[in-house]
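Protein chains in written order, with this note's numbering: chain H, 1 to 437; chain G, 1 to 575.
Some clues are possibly wrong.
Quick list of the computed label-pair ranges, beta carbon to beta carbon [as the list claims (entries may be wrong)]:
(1) H:K365 x G:K507: 24 to 32 Å
(2) H:E374 x G:Q493: 45 to 53 Å
(3) G:K555 x H:T273: 56 to 64 Å
(4) G:N125 x H:Q286: 49 to 57 Å
Quick caveat, the hints were computed from the structure, so don't treat them as lab data.
The beta carbon of each residue, even a glycine, is placed where N, CA and C say it ideally should be.
Residue-level listing of the chains:
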Amino acid sequence: MSERIGVYICHCGTNISQTVDIPATVEFAKTLPDVVVAREYKYMCSDPGQDMIQKDIGEHKLTRIVVSSCSPLMHEETFRGTVEDAGLNRFLFQMANIREQCSWVHSDRSRATEKAKRLISGAVNRVRYHKELEGRRVPVQPSAMIVGAGIAGIEAALKIADAGRKVYLVEKEPSIGGHMAMFDKTFPTLDCAACILTPKMVTVGKHPNIELMTYTEVEEVSGFVGNFEVKLRRKARYIDEDKCTGCGSCLERCPVQYQPREDGHPAPVIEMTPAMKSRLDSIIEQHKHEKVPLPAMLNEINTQLGFLPKPALKYLSQHLNVPLSRIYHVATFYTAFSLEPQGEHVIKVCMGTACYVRGSEDVLKALEQRLEIEAGQTTADMNFTLETVNCPGSCTMGPVVQLDNCSIRVEPEKVEEFVKSSIEPFISSLKQQAVSV
Amino acid sequence: MKPIKNVEQFNVYRDSLQGSVPERVLIVSHGTCGRAQGSAELVDAFKEALDKSGIDGGASLRVTGCLGYCDCEPIVIVRPEGFFYSRPAPEQAGKIVQESLIKGKPIERLFIKDSSTGEIIRHENEVHFYKKQMRLVFGDNFELDPTSLEDYIRSGGYQSMIKAITTMEPEQVIAQITASGLRGRGGAGFPTGTKWASCRKAEGEHKYVICNADEGDPGAYANRGLLEGNPHSVIEGMIIGAYAIGADEGHVYVRMEYPLAIELIEKAINDCRSAGILGRNILDTGFDFDIDITRGGGAYVCGESTALMASIEGRPGEPRAKHIHTVERGLWDRPTTLNNVETWSTVPKIIERGAEWFAGIGTGDVSKSAWGGSKGTKIFSLVGKINRSGLAEVPMGMTLREVIYDIGGGIRGGRRFKAVQTGGPSGGVLDEKRLDLPIDYEMLAEAGSIMGSGGMIVMDESNCMVDLARYFMGFLMDESCGKCIPCREGIIQMYQILDNICNGLAKPEDLSLLQELAEVVQEASLCQLGQTAPNPVLSTLKYFPDEYHAHIYEKRCPAGKCKTLAAGELAAAKV
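Using the sequences plus the hints, can you model the full thing?
Following this line, the structure appears as structure tokens:
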């Protein structure tokens, strides 16, 4: 049996009508199959608008209603009520959103009108398949689970728990706090991140309505709104949770010392030697009365040892009573410092603009190929470190290559020749020297 | 040397120096560019030749810093005739001394041809590169040995300092600088007098002056040229500034990539200390002032004033928000005036010759507002695909065309001009249509670039503008300190989009996304690094949209630079 569908298109004042050509959409709606009535009105949600729909249901024996106006969130309930009061089942109604999804987000009138027509056409086609439904009440599980205990999860958990509901707060990491715990200041007001976060972390831990489940991951979610079932994996602890105080001493006792490197080879472990220790002592003694001792000391260590070994930084931290993190902050911020041992010779390719436009990228690639390393790396025999430098200011000579801080001019057209005639003999002569030493 | 006790003794000393110079001088440039091209051997050869010649006192050798025309370094000039030799072999030293220096005769076969016109250049005043320049600040590099305090004093050095301290009130000094219309040469162009006046007014027992020599913009090296060629002018400017604002301590922050500049400014400061020009009670005037040097750590962001101050304090060089200005709370939370090397170096000239003289050069009118014009000269480092490259000092208001064609001699190898990039990574790229605009702070800003520290990189048709924008994002991605999110994350995203465009993987809608992202980074970043980071992207999008379109729609790089794409002329593909 064919349906008798009524289509009602709303102007929403000028909200819709200024972007969508309403009369054109009404004419279009009339041409759709099974549409018996199509009308427009200034505010369809107003009493006269609703009366118009109810009157039409009676007069034209309409079996389905489409209202083309705003979002269902705004007025779906209104119109379902309208339809129900006129004797139709409240679910034989469909809304087409031509405001939020059309007029508000477009400026081209003709294309917006075209889109509105398609939305209406879709709604008309859909409403034909609606069935009469009945409402039913079922009990729901009143507790909530929040997955992820970053600042958003924590805040949500506290709000729900304060409202008197049970909350399960699940976090895959050993500690809650997420990214915010890693920040010093928060954008854009530069408020102290820890000052905002830590009180909330403590409250979460103590709240009687919150069950905290750290180091736990969600494996499976089933069920439906109000009656979810969740399967969790509580990860292995390796420690006795009742006895552990989080002191961290076990890390020091850990027999695994090697840090995996990206290329799969273990990084060499550098141990503190008595020689290094006495050097550090004299460097500390030399600079400790300066106004800003830390950079001066780091610079001295970097110059004397060629890089900043980790044990040296630890030693510095203990003797200056400065947190290791602060020393790392300085040591990793400036390119002058290196945390890895450097090669005997340092080759730097200038990546300044003047050199770049004259082809320094090609020079770098040729050198990378020749040395079989990438910029920033050191050859396995520890002879060469290849680096880029952002402009030593020898711009007229570009592209410039610095060999152990001595600048060399490279004619842009002769990159390949340069590698063969200048770098290769240089490298082989250095290699010979290295061997003879 | 022995300390000079007071101003009177200083004057006697200066007069005694002025009688001591022989007329015949052999000038050899020995800055970083010169050294990279063998000036050390040349200087040794000349010293030996002079010793052998037996002329003894009748002529002198002057080893100077950078002379600006870096393409030709090391440069040898014989005065008073003005013979100009470029990069002679050390073996020629004896002949140059015998023929040119002693007998005053030219050596024809050693003269060079101009790289653009092919004319033979014999005299220093025939050098096209210098002809149109106005070398108020940089010209002194020819007159002195940067390691010699005597040379500086002989050529009138530290006179402005004495004039300011002994005959002017600090307010008068500030008034002169304000009236001159001098604006910061480091990039933003803030009026120097206004800055000094606020710092003078700020409350605080100790105040500081800082010389920013962290010239990080790739392609700019004017500050290096000044520090290596005339370090005392920077020191003199700082002393005058310190007197004007009431500071007792100065800092020079030099980037570590300039080892020679560090060595020379260090020597100059030590010489001044032993001569009594720095330290307690300078020349018995009752004014105390001393200068410390801090070596940079290779971080671009440290050119930003608050980051630079953090770095001097021994912290990582991360900028802070500037609701409180550094003139009120800067280094160690005390009032601080920070100026660029070139700004400091200009100050003694203004005190010497007067504000009116300085305000007579350049564009606009600064009598009503300090922002009303661009005055004096600016040193540009003219580099890239250009015939004559080096440091060119020109009056504000000269057109880009004059600088690039008259001074720079046009594009190398007969290729076509495509674009000029000014202001480093914070600046923009200008196309051919903008060549006739006069160079001043406002014009460059209006055209989407900035004056910056004076880098001027000229590009020809083989340079791809999308690739250039990607290059700058890559540079800034490395150099962003990571403190604020728009800069740290936004630049990475812009880089990704540009990389996709260069590799032919971009979608048409990426262009509007790129534009939007650029605007967000510009508005939301904490410091100037982030706020100006999108300039290269926005200016290339504005002036070279066709190149972006060719990459995206036709998967083609018109300049032939992006290797994964097909090369070819734009016009050819449109047919």
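For each hint, the structure was consulted:
no.	hint	result
1	H:K365 x G:K507: 24 to 32 Å	holds (28 Å)
2	H:E374 x G:Q493: 45 to 53 Å	violated (24 Å)
3	G:K555 x H:T273: 56 to 64 Å	holds (58 Å)
4	G:N125 x H:Q286: 49 to 57 Å	holds (53 Å)
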